[in-house]
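**Student:** Okay, here's what each chain looks like letter by letter:
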Amino acid sequence: MTLKVLTVDDSKTIRMIVKKAFKPFDCELSEGENGVEGLALAAKIRPDLIVLDITMPVMNGIEMLEKLKGEPQLKDIPVIMLTAESGKDNVMKIVKMGVKDYMVKPFKGDELIERAQKIVKLEPKKAEKGGEDVLKKYFSENDDVHIMMLPNKIDGTVSAEIKAVLEPKVKEMTGAGANQLILDLSHLSKVDTSLIRVMLSIFNDFQKADINIRVVGTSSIAASFKDFAETSEVTVYKSTEEAKGAF
Amino acid sequence: MTQMNTIDVKDFVTNAIMDVFDTMLSMQMEPADLGSVKAEDGNRIVGSVSFAGKLMGSMNIHVSEQFARIMTAAMLGMELEEIESNEDIYDVIGELSNMVGGDLKSRFCDAGLTCELSIPSITKGTDFKIEPQDWARHECFAFRMKKDVALVEVYMKTDQT
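Residue numbers (the working numbering), protein chains in the order written: chain A, 56 to 302; chain B, 729 to 889.
Bound-form chain B, shown alone (with noise of 0.2 Å):
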């Protein structure tokens, strides 16, 4: 209990998502206040993975549909016009959640909470809301590069709480 309260999750998750844009889209993101954030409008796309193990929990990462296909165009290389279905737009979200999530899941073993990773999951819709019961731990970060948000929430416990 005590060492999951001591993980900076924040700092995991901000180094996790800046290296994984950066690299993956060529994209500079910065961490912005939640306050800020105004709720999307229309289609979103969530990316979530789960960790099991001595740590148990999951990992969300909140795009709007508009944003998803960006980040589709960058990853891939091509135009908006060229993206030939959503299947390759939950792709790319369910590759960058894994990355994402990978990157956590390591941060967490090395700080002995070992845990195993899910294969990513895609949910999409509109207006609606997560909400995981009975962590002990959660956490919501957001992330902005110029008008395009990403929210980032994390879910934990451990297998004493």
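Chain A with its partners taken away, still in its complex shape (with noise of 0.2 Å):
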């Protein structure tokens, strides 16, 4: 069932941060400037979970949760906050209005996404624009060998999008047999830490499932490796063959 989200926040630039952050999962997003529309919105609507500013004009986000806790109909609709104050009191209050989670700003995509999980199931979306899988995206097969090609940067769209795929993946190549997974970077134009969690993510996932992976990259993502605990260790084949080669 597509999940519906609403995000209220005075900012274009953290509403479209949250929609991208959400656009890998079968959700639908509505946004709200401000606490007055939020709150039309959510009555509307009734959304399953509300990422929520807190400093807005017109209505700030403080008081839109406090009218929305005194709407039985929409009191027990969960509440991520965004804040960008860190401070002990501003955290005290908003953890006493009853929110889900809050999040306090600067924050990614990928992070919002990781609490939402937390409160709500997100499904991946099954297709997108054009009727491209999101797994015939990163993945394809090579003889028995199943290859997965990361794009040339990493940002919280991308990010979300293979932590949604990677449960569905092992399952598939589990359920047909297959051990073996070509992780292809050679597109890839940096390493940065957006890449390691998400080869985090890929190595923690497909290992637990006893899939053996092999890295493809360029010489240069195999000397910055070198500058990353997390990867001074994974040995980097130059071609695809080479990494076949390698099981």
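Please note that a few of the clues may not be correct.
What the hints assert, rightly or not - Under the rule of at most 16 Å between Cα atoms (straight-line distance), these lysine to aspartate or glutamate pairs were calculated in the EDC-like manner: (1) A:Lys151 to A:Glu118; (2) B:Lys885 to B:Asp736; (3) A:Lys173 to A:Asp103; (4) B:Lys852 to B:Asp816; (5) A:Lys180 to A:Glu92; (6) B:Lys857 to B:Glu867; (7) A:Lys143 to B:Glu844; (8) A:Lys67 to B:Asp816; (9) A:Lys75 to A:Asp144; (10) A:Lys245 to A:Glu296; (11) B:Lys885 to B:Glu867; (12) A:Lys208 to B:Glu815; (13) A:Lys293 to A:Asp265; (14) A:Lys67 to B:Glu815; (15) A:Lys281 to A:Asp247; (16) A:Lys59 to A:Glu118; (17) A:Lys67 to B:Glu812; (18) A:Lys143 to B:Asp838; (19) A:Lys155 to A:Asp103; (20) B:Lys857 to B:Glu881; (21) A:Lys148 to A:Glu118; (22) A:Lys74 to A:Asp282; (23) B:Lys874 to B:Glu844; (24) B:Lys782 to A:Asp144; (25) A:Lys148 to B:Asp838; (26) A:Lys148 to B:Glu881; (27) B:Lys874 to B:Asp761.
What the hints assert, rightly or not - Some, not all, of what chain A presents toward chain B, calculated at C-beta under 8 Å: (28) Ser66; (29) Thr68; (30) Asp156; (31) Lys160; (32) Asn207.
What the hints assert, rightly or not - Here are some chain B residues the structure puts well away from chain A; computed CB gaps all over 10 Å: (33) Thr734; (34) Leu762; (35) Asp887.
No lab work stands behind these hints: they were computed from the structure.
C-beta: ideal position from N, C-alpha, C; glycine also.
Using the supplied hints, reconstruct the complex from the two chains, each of which is provided in its own coordinate frame.
**Tutor:** Following this line, the structure appears as structure tokens:
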């Protein structure tokens, strides 16, 4: 069932980041620019989750939350508050108001998804624009070896998409008796913490299912891996053929 | 007064700028010597927030229009040519000012100087200087990523100054 998510923030930028974070999932996003719009939308669409900013004109997030909690039909809708203020008093105030969770800005889209997944069940979107399946976007097969190709850049959307397809892909491979995966990073432009986080998820999920992984990438990627404790021991093969020979 | 003067504003601002730019823009800003930073020619964009309470003041982030465009593209995950309007740029600079200002406000409150934070505002122009009056403390810090520079000014006074 499509999940309804309401984002209430006066910043178009933050609403866009929230929308992009939920894009890989079967969600319908609605947007409000302030507490008044947020309350009206909450009453109209009855969202499954509200991502609510605090500092907004017209009606701020605290006032909106108070009014929401005062409405019997809306009071149980889970709310994740976004705040730019991490001070003790501010955090205590938010927690006492009965929100499910809160996030201190700055935040990344995949961190928001991690918090949301603890509150609601997010299902990966079955089909992207043009009918392309998200699984097919990242995975292909070469003989009996499954190949996962990462794009040029790992942003919040890519990261969330990948994390969302790992479980179904592991199920698919174990169901088919396949246990060899090549992680192809040859299109990747740089190694950064977003990539490291995604790689840790990939290694964790596949290795738990006894699926062997070999990594393919450029010499520059291999050199950059040495700078991170998590990847310093990873062997990087120059080509898919070389990686296949290493299984 | 003493309490305000003992606050390590440089440390607060440096941590906030580096964290916000890294998390939201994947940009590693480095503190720079203020004297080595050349005044920007051309259009500048300034994001400002104010503090009001036991501590009163404001925080301004100055960037060139070109850097503001680069920041906007980074924050929205798009190419420079895809930025639709100046409103998108102002929104990004305003939101980043809110995040940096929010972090400062939290540090001030934790130090006992409780205050509220305003909604951010934006100033854009060429060849202008902001000269707020009657502040007990004024600090300015420079941050650099390659050739791009962000200047952060903080003005403060307490209800006893």
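**Student:** All the hints need checking, so say for each whether the structure fits it.
**Tutor:** To see whether the hints hold, each was checked on the structure:
1. For the suggested pair A:Lys151 and A:Glu118, the alpha carbons sit about 14 Å apart, so the restraint of at most 16 Å is met.
2. Between B:Lys885 and B:Asp736 the CA atoms are separated by roughly 14 Å; this keeps the pair inside 16 Å, and the hint holds.
3. A threshold of 16 Å between alpha carbons decides the hint, and for A:Lys173 with A:Asp103 the separation of about 13 Å falls inside it, so the pair holds.
4. Distance hint between B:Lys852 and B:Asp816 is fulfilled; the C-alpha atoms sit about 14 Å from each other, no more than 16 Å.
5. About 27 Å separates the Cα atoms of A:Lys180 and A:Glu92, which puts this hinted pair outside 16 Å; it is violated.
6. Taken as a hint, the B:Lys857 and B:Glu867 pair is honoured in the structure, with Cα atoms around 15 Å apart against an allowance of 16 Å.
7. For the hint pairing A:Lys143 with B:Glu844, the CA-to-CA distance comes to about 14 Å; that is within 16 Å, so the pair holds.
8. For the proposed pair A:Lys67 and B:Asp816, the alpha carbon gap of about 8 Å is at most 16 Å, so the pair holds.
9. Of the pairs offered as hints, the one joining A:Lys75 and A:Asp144 is violated, with about 31 Å between alpha carbons and a cut-off of 16 Å exceeded.
10. In summary, the hint linking A:Lys245 to A:Glu296 is not supported, as the alpha carbons are separated by about 23 Å, beyond the 16 Å threshold.
11. For the proposed pair B:Lys885 and B:Glu867, the alpha carbon gap of about 12 Å is at most 16 Å, so the pair holds.
12. Straight-line distance between C-alpha atoms of A:Lys208 and B:Glu815 comes to about 26 Å, which puts the hinted pair past the 16 Å bound.
13. At roughly 24 Å between alpha-carbon atoms, A:Lys293 and A:Asp265 are farther apart than 16 Å, so this suggested pair is violated.
14. Only pairs whose Cα atoms come within 16 Å are accepted, and A:Lys67 paired with B:Glu815 is accepted, the gap being roughly 9 Å.
15. With a CA separation close to 12 Å, the supplied pair A:Lys281 and A:Asp247 stays within the 16 Å bound.
16. Of the pairs offered as hints, the one joining A:Lys59 and A:Glu118 is violated, with about 22 Å between alpha carbons and a cut-off of 16 Å exceeded.
17. The straight-line distance between the Cα atoms of A:Lys67 and B:Glu812 is roughly 12 Å, inside the 16 Å bound, and the hint therefore holds.
18. Our distance criterion of 16 Å between C-alpha atoms is met by A:Lys143 and B:Asp838, whose separation comes to about 7 Å.
19. Using a Cα cut-off of 16 Å, the hinted pair A:Lys155 and A:Asp103 holds, with the two alpha carbons roughly 12 Å apart.
20. A C-alpha spacing of about 12 Å is found between B:Lys857 and B:Glu881, which places the hinted pair at or below 16 Å, so the restraint holds.
21. Restraint check for A:Lys148 and A:Glu118: satisfied, since their Cα atoms lie roughly 12 Å apart, inside the 16 Å limit.
22. Restraint check: the Cα-Cα separation between A:Lys74 and A:Asp282 comes to about 33 Å, which exceeds 16 Å; the hinted pair is violated.
23. Straight-line distance between C-alpha atoms of B:Lys874 and B:Glu844 comes to about 34 Å, which puts the hinted pair past the 16 Å bound.
24. For a cut-off of 16 Å, the pair hint linking B:Lys782 to A:Asp144 stands: about 15 Å separates their Cα positions.
25. A C-alpha spacing of about 14 Å is found between A:Lys148 and B:Asp838, which places the hinted pair at or below 16 Å, so the restraint holds.
26. With a CA separation close to 29 Å, the supplied pair A:Lys148 and B:Glu881 exceeds the 16 Å bound.
27. A hinted pair counts as satisfied when its Cα atoms are at most 16 Å apart, and B:Lys874 with B:Asp761 qualifies at roughly 14 Å.
28. For A:Ser66, the interface hint holds, since its Cβ comes within 8 Å of a Cβ in chain B; the closest pair sits about 5 Å apart.
29. Hint status for A:Thr68 relative to chain B: holds, with the closest Cβ pair at about 5 Å, below 8 Å.
30. Below 8 Å, beta-carbon pairs count as interface contacts, and A:Asp156 has none with chain B, the closest being about 18 Å; its hint is therefore violated.
31. The beta carbon of A:Lys160 is positioned within 8 Å of a beta carbon in chain B (closest approach about 5 Å), and the interface hint is therefore held.
32. The criterion of a C-beta within 8 Å of any C-beta in chain B is not met by A:Asn207, whose closest approach is roughly 12 Å, and the hint is violated.
33. No Cβ of chain A comes within 10 Å of the Cβ of B:Thr734; the nearest lies about 18 Å off, and the non-interface call holds.
34. The claim that B:Leu762 is not at the interface with chain A holds, since no C-beta of that chain comes within 10 Å of its own (minimum 25 Å).
35. Distance check for B:Asp887 against chain A: the nearest CB is about 18 Å away, which clears 10 Å, and the non-interface claim stands.
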